[in-house]
Amino acid sequence: MKMVIAIVRPEKYDEVKDALKEKGVLGMTFTHVTGRGLQAGVRFTNRVGEFTVDEIEKMKIEIVVEDDSQVPCVIETVCRVAKTGHHGDGRIFVVPVEQAVRISDWEPEPEPAEETGDQTEQ
Amino acid sequence: MKMVIAIVRPEKYDEVKDALKEKGVLGMTFTHVTGRGLQAGVRFTNRVGEFTVDEIEKMKIEIVVEDDSQVPCVIETVCRVAKTGHHGDGRIFVVPVEQAVRISDWEPEPEPAEETGDQTEQ
Amino acid sequence: MKMVIAIVRPEKYDEVKDALKEKGVLGMTFTHVTGRGLQAGVRFTNRVGEFTVDEIEKMKIEIVVEDDSQVPCVIETVCRVAKTGHHGDGRIFVVPVEQAVRISDWEPEPEPAEETGDQTEQ
Amino acid sequence: MKKSFILAAAVAVLAVFAAAAVLGSQDSAAAPGAGDTGSISWIMVSSVLVFAMVPGIAMFYGGMLRRQSMSSIIAQTLAAIAIMSISWVVVGYSLAFGSDAAVIGNLQHLFFGGLTEEASDGGISSLQFATFQMMFAIVTAALIIGACAERIRFNAMVWFLIVWSVLVYAPMAHWVWGGGWFDQYLTVLDFAGGTVVHICAGVSGLALCIFAGPRLAGTRKARAHSIPFAFLGAALLWIGWFGFNGGSSGAADEVAVHAFFTTQIAGACGMAAWAVAQYLTVGRVGVLGLIAGAISGLVAITPGAAYVGFAESMLIGAVGGVLCFMAVRLIRSKTKFDDALDVFGVHGIGGIWGAISTGIFAKSSLSGVDGLIYGGVDLFVGQIVAVAVTLVFCFAVSYAIIWVISKFMTVRISDDEEAIGQDIVEHGEPAYL
Amino acid sequence: MKKSFILAAAVAVLAVFAAAAVLGSQDSAAAPGAGDTGSISWIMVSSVLVFAMVPGIAMFYGGMLRRQSMSSIIAQTLAAIAIMSISWVVVGYSLAFGSDAAVIGNLQHLFFGGLTEEASDGGISSLQFATFQMMFAIVTAALIIGACAERIRFNAMVWFLIVWSVLVYAPMAHWVWGGGWFDQYLTVLDFAGGTVVHICAGVSGLALCIFAGPRLAGTRKARAHSIPFAFLGAALLWIGWFGFNGGSSGAADEVAVHAFFTTQIAGACGMAAWAVAQYLTVGRVGVLGLIAGAISGLVAITPGAAYVGFAESMLIGAVGGVLCFMAVRLIRSKTKFDDALDVFGVHGIGGIWGAISTGIFAKSSLSGVDGLIYGGVDLFVGQIVAVAVTLVFCFAVSYAIIWVISKFMTVRISDDEEAIGQDIVEHGEPAYL
Amino acid sequence: MKKSFILAAAVAVLAVFAAAAVLGSQDSAAAPGAGDTGSISWIMVSSVLVFAMVPGIAMFYGGMLRRQSMSSIIAQTLAAIAIMSISWVVVGYSLAFGSDAAVIGNLQHLFFGGLTEEASDGGISSLQFATFQMMFAIVTAALIIGACAERIRFNAMVWFLIVWSVLVYAPMAHWVWGGGWFDQYLTVLDFAGGTVVHICAGVSGLALCIFAGPRLAGTRKARAHSIPFAFLGAALLWIGWFGFNGGSSGAADEVAVHAFFTTQIAGACGMAAWAVAQYLTVGRVGVLGLIAGAISGLVAITPGAAYVGFAESMLIGAVGGVLCFMAVRLIRSKTKFDDALDVFGVHGIGGIWGAISTGIFAKSSLSGVDGLIYGGVDLFVGQIVAVAVTLVFCFAVSYAIIWVISKFMTVRISDDEEAIGQDIVEHGEPAYL
Ligand SMILES: Nc1ncnc2c1ncn2[C@@H]1O[C@H](COP(=O)(O)OP(=O)(O)O)[C@@H](O)[C@H]1O
Ligand SMILES: Nc1ncnc2c1ncn2[C@@H]1O[C@H](COP(=O)(O)OP(=O)(O)O)[C@@H](O)[C@H]1O
Ligand SMILES: Nc1ncnc2c1ncn2[C@@H]1O[C@H](COP(=O)(O)OP(=O)(O)O)[C@@H](O)[C@H]1O
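Chains as they are written, first to last, in the working numbering: chain A, 36 to 157; chain B, 36 to 157; chain C, 36 to 157; chain D, 3 to 435; chain E, 3 to 435; chain F, 3 to 435.
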């Protein structure tokens, strides 16, 4: 099981979402982040001039893929949509995941579950 | 050492926090995220009608657990409190962590530490 | 390849950014988070008194380091700048990364790439 | 249940226009008259200023709550505007100012029928007076919302305000300003609405908040989500108060200027006093304290703005600030009432102090009656009786109204819904993206 | 291309001051006169209130868009202030009010030359009238911006407004208020600008929005980024409307008070009606619906504020709310026009209903002419003709202007730029940190 | 140290009320008089408008800073309201307007004792004048805060303002408006406070900012955290300016209307000129530039609003916009002063240009004295001397005050605290959740 962490341009993220939906990848989590890459930064205006900010708004998308073989497909889909070919298109990282639980599917264990401290060594 | 990443309903997160505190799990980091699951989405109102948003606000909780055997207890605690049994309760992922440093406990190495570039090959 | 996740005081994060730049570490992603540690919390004022909040604003910095031998250098740089020696200085975690893609460098594969569903088993 | 209420509403609306069609013909023609344009101008301005307090209340309250309740507070305030405006025109004004009967007015001015539009004798027309008064009704209703914020369902609040506007507000206005029994049997002074507006809103709010019960612990201890909005709202309130007090003389004259000045200085003294009290108790001062102090001072001066001297107004404001500070601390620590935004603590207590202090400091050269320090006991007693009656009446009737409504619909949102927040649950409209 | 426009601008500015230097001497001296200070005061206040609508529009519009367009909307609104003020002083007022010619005024009042500063006969001076009217010009221009929000380049908008102020706004104002052919050949009533301001803005906006084409799907379906800002803007609009309608009688008199009151009650009824309509259709009500309803009611009463009775004003407001609700639903679902903020749906349709309803309900005791229900057909026909002419004229000329501009510069931002948002692309100034 | 100051404060408050009790009896009775209600109305309105500038300043300044300083700016502005109001009532007014002595007034009006409440001869009462002036004192104090934002401790700021209100503001007001030596020995015109308000605030702010030293590099280069708040604040400032300039004639007359109009057009021209200058220099224009330009134009017209013709006011506004643009660029690039919000660059330089341009363009038919272009040298020289004296006096005394205060308490927050932000460190109240 892997977590694909994609950091993309915020203006591309709607498209990425839709593209992944088409591929059947539904579950994912989005975070507003800022980032610094090799990109020089963005120029902003103040009242009398300009200044450069090297930290740029990005959108982080975390997608946990149960089936490892799906990872390349996810990466490809994201890249295809998010790529403009310019600096700042973003990165994708893949991190291993050891376990995944869907909270709504979780069932409490029968009564002994109360003494949680003890039964942790299974 | 593991990082337990729990994505829960924002309205449940206070309870999760308290429940974990009771179990003695203090250290954790919270991020406001939005997510898409299998859940159909939430209906919002605009001035003349409704529209559906498939991205729903969630709270991400990252808990690094030094003792691997504690992981099930943490998962259980989170699930017990965060579960409503409906769509959108969230997920828990477990990711391996290789090293952890508490910055306030860190001690700079004696002088040679200045030539940082060189001494990285330990 | 490792991801160094540093959670630092927000007021220190500019300095951390600059210090890492000096060491040649450019790429990184920032997230506004809140966190709870062993720290007792911060006291805030309301209209007639004070109250304590145990959740404190922090800045999360994620740095993917391609060369594993660089990790200690990054950790050291962050710690040196971010440390005040008091509670709440933050933590650094190191997580393994299996793959990294720079989206702007990514090249679509020739035509067959269309049938994405099939070619995932490479 | 829901359906039937919508039906009821629809029928009501139809009935209204049917009635209006008949009554419409009563509108007196607007013939060019020889009123005093300066006063006409000032009272229109004052009406605008008082109206501007309403969005002020929404921002002030909303900013101090969780971000999940911002749309909800705004929606309730907007509903208050619509309900009170319509109710006042249809029946409220007539009940309040229709006759000199002791208990309640009559129905001769339904739909503002029979109001004069011509200003005469340097005064303002009764249409303009009624419009100015309409703004007071709106403000009072909007103030209530803060006490029971984040709990009461929008629909329940709508029905509550509809009934409350007739059963509580109209009688109160009649008693104090419309020639009712306060005027007839007591020596009472209430320049700009200490009893009618502030005590009434504070106590009605308290009734709702007690009926609904406290919020969840998590909601309750949440921090103000936007200090700038709370500040902006308080600023609008202060700005509007100049019209609230300054317009209450009904003319652009010395009385208005006097009230204008005492308003400003009492607000400033209230803020300073609260700040000092908070600094001595807590060790630091913040925006929320400063604005609460200012509002305490403004509330305190309201009933006596034109009746007390300059130094007295400073004292009233300063004492108001300290009193409200202590009251809020006490209510928060000693009672279980979850008066979310201290509406009773500030408007209730501030209003009580204001009414009583008017009884103490009123100067006959300004008010025609002497206060306690000038040896006048009648007024002092009258003020206390008026306060007591207001407290009991508004509390009892408000509580009764919400109790009756609770028989027809759910009044309180469930705990689950509260945790998610009314913005999403009730309005489907998170305040921020 | 860019350079040449800057040059043009610089030359224009120089020319302006050169001309001004010559014309400046025409300023009449401000000798102490015996005008009516109450009216002078009220019209100054009204001018301030109308001016306050402009930031209101910026917040109202901006709050309903994505956060990436907030600075852009604000910048465009600010540009509208500068452009319309200067254009009005330099040439607009003279074109609109310079003579009684049927089509357009003359140039005798360039740079406000030859205006009287002395108020006389209890009225206001022509300088004050011109200043009050200036605020209307600004508001109209600012309203347009909402229809084509998030698409038109800032520079193109600047040039559009410059030309539009002369070719569309000045003639419209002349026809309706300046003694132009509406006055000469039709029986038309437009108290405070139903045609000149609301229909004109709605239709001009529609022209721009059709010319520019719709936004990207993603931008279009985005949620309002800040309900409190939208609310605050709407509150400022409502507050300003008291000056807009209340000041349009040009004096602090019964007419002003009448318009003041009908404004308030029509706004309240519009809000209530929209809320009921939305509740019955959608099942819940939110802030955006409530404020849209209020604005619909306010727009609807604008042309007839001083001419209709009380109950009629309630009806006009309520029907305005329902009509605009249905119009917006229809436009959104049935047409491809991406009128981003429903400027046509609310101001256009509301304005049309307002103009027609004035033709129906006007009372000769108030307006001097009878509406349809009192048997007067002239007015009713006149109103309909005026509406039709306004629709055609404003649409055609606005469309022509933007079409010509598009030959000189890019009018629409590219899709990529739209996705990033105008704040960053055009102004380098994200609205929030 | 802290304790002793609190004690001092407490004693001061007690002393105040003791004194007040004695003086209170001096309040003249408010007998119904025959003033001009139109003017009374307008000056009350103007007072409200000027008061509304104060929250405007807080939003304007706060929006342009980091989010970590929002509560702090608001709290300091609120403190300015309380301090200046009380100080003005207790002693400031009397010092400024108590007599015609060259240097300073007297103490006969402590606690507003002996003010007339009756308006006479179509003018306003001295109570109303004093109230109107109180608002100016508050605005001036609030303006200062922007120059040294994010550095000065709240307590130090409180003490500074208390002393400054007596030692700097009161004398300045006396010299310019109270019959002091400017009036006696110079030919000086300052219609609405170019010297007293803008230059004085700009220079006092500069003194504080120089004394405190610059902020950390990181704080300094931070982006504006909320463009909408900055815009809203600027809008409130512009709105308030109509009262600021329009009310300064003390009546609702031609002079007021003239000033009202020139205010609007100078603001618009200032905005346009700044925009053009910025567009030519930087290549794009943003909200912050547009509002800074508007404020520059408004500042520039302040001293001469009623004294110059229409075209001249456009020129003054436009030149003001360009001048301030260049000044801010220069100060930012060439000096080390960290004038956080360009208070000196905009209010100082704009005020200086305004004073001088009044000396150039004043028309005797409007002002009674001729400016340079009409051959009058006296006025021109007088204006320059007045500016120079104001610059030196305000800077020196402000610097001295803060220097003395620094002997008793820490004036500047530490670097660590600055990095965290004053909201949390000093007030424990982050502005946002
Ligand atoms: N080494 C890294 N670790 C974590 N995040 C990174 C790293 N490098 C880049 N990023 C993230 O990816 C974003 C864009 O990266 P990239 O497209 O490589 O930018 P550039 O083209 O400027 O190098 C950055 O803003 C940052 O958020
Ligand atoms: N595969 C995934 N990868 C990352 N985050 C996920 C994934 N699946 C779900 N999530 C997160 O969990 C939240 C809720 O998931 P879940 O409870 O499974 O919703 P549903 O019941 O609608 O499927 C989502 O909003 C998203 O933030
Ligand atoms: N076990 C953990 N898992 C995840 N985040 C943690 C953990 N412990 C601490 N943190 C993060 O680090 C921040 C500061 O931690 P630390 O400096 O250890 O605080 P303290 O000194 O109060 O223990 C916390 O606010 C939290 O965001």
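If you are wondering where the hints come from, they were derived from the structure by calculation, not from laboratory data. All figures in this text were calculated on a predicted structure; none of them were measured in a lab. Possibly wrong hints are sitting among the right ones.
Okay, derived cross-link-like pairs now, DSS-like style, lysine-lysine, Cα gap no bigger than 25 Å in a straight line [said to hold, decoys possible]:
| # | chain 1 | residue 1 | chain 2 | residue 2 |
| --- | --- | --- | --- | --- |
| 1 | F | 223 | C | 56 |
| 2 | C | 58 | C | 37 |
| 3 | C | 58 | F | 223 |
| 4 | F | 336 | F | 223 |
Some chain C residues flagged as far from chain B (calculated, every beta-carbon gap over 10 Å) [stated by the list, open to error]:
| # | residue |
| --- | --- |
| 5 | 71 |
| 6 | 113 |
| 7 | 144 |
Covered by chain E, according to a simulated footprint, are these stretches of chain D (three or more residues, beta-carbon under 8 Å) [what the hints assert, rightly or not]:
| # | stretch |
| --- | --- |
| 8 | 183 to 194 |
| 9 | 290 to 301 |
| 10 | 371 to 384 |
| 11 | 406 to 412 |
C-beta atoms are modelled at their ideal positions from N, C-alpha and C, and glycine is treated no differently.
For each hint, the structure was consulted:
Restraint check for residue 223/F and residue 56/C: satisfied, since their Cα atoms lie roughly 18 Å apart, inside the 25 Å limit. Restraint check for residue 58/C and residue 37/C: the C-alpha separation of about 17 Å stays at or below 25 Å, so the hint holds. A C-alpha spacing of about 23 Å is found between residue 58/C and residue 223/F, which places the hinted pair at or below 25 Å, so the restraint holds. With a C-alpha separation of about 16 Å, the suggested pairing of residue 336/F with residue 223/F holds against the 25 Å cut-off.
Look at residue 71/C: its CB is around 6 Å from the nearest CB on chain B, not clear of 10 Å, so calling it non-interface is violated. The beta carbon of residue 113/C is not kept farther than 10 Å from every beta carbon of chain B, the shortest such distance being approximately 7 Å. At the 10 Å boundary, the C-beta of residue 144/C stays outside the reach of chain B, the nearest C-beta of that chain being 27 Å off. For the stretch 183 to 194 of chain D, the stated coverage by chain E is violated: 0 residues have a C-beta nearer than 8 Å to a C-beta of that chain, whereas at least 3 were required.
Here the stretch 290 to 301 of chain D counts 0 residues with a CB under 8 Å from a CB of chain E, which misses the bar of 3, and the coverage is violated. Chain E is given as covering the stretch 371 to 384 of chain D, and this is violated because 0 residues of the stretch bring a CB closer than 8 Å to a CB of that chain, at least three being needed. With a threshold of 8 Å between beta carbons, the proposed coverage of the stretch 406 to 412 of chain D by chain E is violated, since 0 of its residues qualify and at least three are required.
Going through the hint list in order, the structure does not satisfy hints 5, 6, 8, 9, 10 and 11.
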